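The listed protein sequences correspond, in order, to chains R and E.
Basically the numbering used here = 1-based index in the first sequence + 387.
Basically the numbering used here = 1-based index in the second sequence + 280.
Keep in mind that a hint or two might mislead.
To be verified - Example chain R residues on the side facing chain E (calculated, C-beta under 8 Å, incomplete): (1) Leu433; (2) Thr456; (3) Leu487.
What the hints assert, rightly or not - Chain R is nowhere near these chain E residues, computed Cβ spacing over 12 Å in every case: (4) Val299; (5) Ser353; (6) Val354; (7) Thr382; (8) Glu383.
Calculated from the structure, these hints are not laboratory results.
Here the structure is a predicted model, which means the values were calculated and not measured.
By construction, the Cβ of each residue, glycine as well, lies at the ideal position given by its N, Cα and C atoms.
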Amino acid sequence: GENVEQHPSTLSVQEGDSAVIKCTYSDSASNYFPWYKQELGKRPQLIIDIRSNVGEKKDQRIAVTLNKTAKHFSLHITETQPEDSAVYFCATRDNQGGKLIFGQGTELSVKP
Amino acid sequence: GAGVSQSPSNKVTEKGKDVELRCDPISGHTALYWYRQSLGQGLEFLIYFQGNSAPDKSGLPSDRFSAERTGGSVSTLTIQRTQQEDSAVYLCASSVRQGRNTEAFFGQGTRLTVV
Chain R
388 GENVEQHPST LSVQEGDSAV IKCTYSDSAS NYFPWYKQEL GKRPQLIIDI
438 RSNVGEKKDQ RIAVTLNKTA KHFSLHITET QPEDSAVYFC ATRDNQGGKL
488 IFGQGTELSV KP
Chain E
281 GAGVSQSPSN KVTEKGKDVE LRCDPISGHT ALYWYRQSLG QGLEFLIYFQ
331 GNSAPDKSGL PSDRFSAERT GGSVSTLTIQ RTQQEDSAVY LCASSVRQGR
381 NTEAFFGQGT RLTVV
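When you get a sec, could you build the whole thing from the sequences and use the hints?
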């Protein structure tokens with residue numbers, strides 16, 4: 388079945404620096420790649436997603452890149468702020484178009 | 281309602297008892313997912329529904345776990361003979377339909393504690 392590996396598990400940066408989180412997946416038929424942010428004690432919420440027909444998507448300070456040949460995708464956060472501190476999850480939708488499979492999560496800490 | 285609603289928010293139960301967790305998806309959402317999140321861990325897939333049918337039950341940890349969905353809306357996750365390792369937050373999510381690249385919206389979760 389589909390497997391999603393996410394790295395790093397924890398990431399600490401200084402306010403204003405950039406943060407990069409990377410995910411690899413196993414199912415070449417995956418065609419939807421969302422990223423979720425989960426603040427402490429709250430539910431996961433979608434922050435950005437990318438589909439297999441594009442290689443990069445940007446929304447203000449966040450961007451995602453997708454390399455289907457290598458089967459990996461990344462989340463980039465620029466000019467990080469303390470409120471970016473949270474756990475970030477990547478995910479893929481499997482080749483049956485059904486379940487979302489999540490990576491293990493990255494705990495991002497932005498220090499003022 | 282405006283979002284995915286789960287009940288109860290918290291549940292403390294004694295080992296060996298059965299529990300039922302409820303998920304009320306966003307109106308019109310045909311796809312519904314259950315995940316389990318242990319403390320500080322990731323989102324473990326349990327089961328998903330398209331309408332009332334469950335095409336993929338591969339994530340259910342054991343035969344003590346079951347889920348159903350009726351009327352294409354509310355879903356119930358049942359855990360029989362609960363064990364301490366069942367303690368976790370159980371999250372439900374829904375999306376417009378299967379097979380499309382649409383956002384899955386999560387409920388606030390049910391925190392289950394087995395003592």
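Note to self: Just to be careful: measuring from the Cβ of R/Thr456 to every Cβ in chain E, is the smallest value less than 8 Å?
What the structure shows: violated, 20 Å
Notebook entry, point to check: Per the stated criterion, does the least C-beta distance between E/Val354 and chain R lie above 12 Å, as a non-interface residue requires?
Noted result: holds, 18 Å
Checklist line | Exclusion check [E/Val299 not at the chain R interface, CB over 12 Å] | finding: holds, 20 Å
Next item on the list: Against chain E, run the beta carbon of R/Leu433 and see if the smallest gap drops under 8 Å.
Entry: For R/Leu433, the interface hint holds, since the closest Cβ of chain E sits about 5 Å away, which is under 8 Å.
Next item on the list: Evaluate the condition: distance from the CB of E/Thr382 to the nearest CB of chain R exceeds 12 Å.
Entry: violated, 9 Å
Checklist line | Whether E/Ser353 stays farther than 12 Å from all C-beta atoms of chain R, as the label says | finding: About 18 Å separates E/Ser353 from the closest Cβ of chain R, which puts it past 12 Å; holds.
Check: Would E/Glu383 pass as off the interface with chain R, using Cβ distances and a cut of 12 Å?
Finding: Given a closest Cβ separation of 5 Å, the condition is violated.
Notebook entry, point to check: Minimum Cβ distance from R/Leu487 to chain E below 8 Å?
Noted result: Because about 6 Å separates R/Leu487 from the closest Cβ in chain E, which is inside the 8 Å limit, the hint holds.
Checked against the numbered hints above, the structure violates hints 2, 7, 8; every other hint is satisfied.
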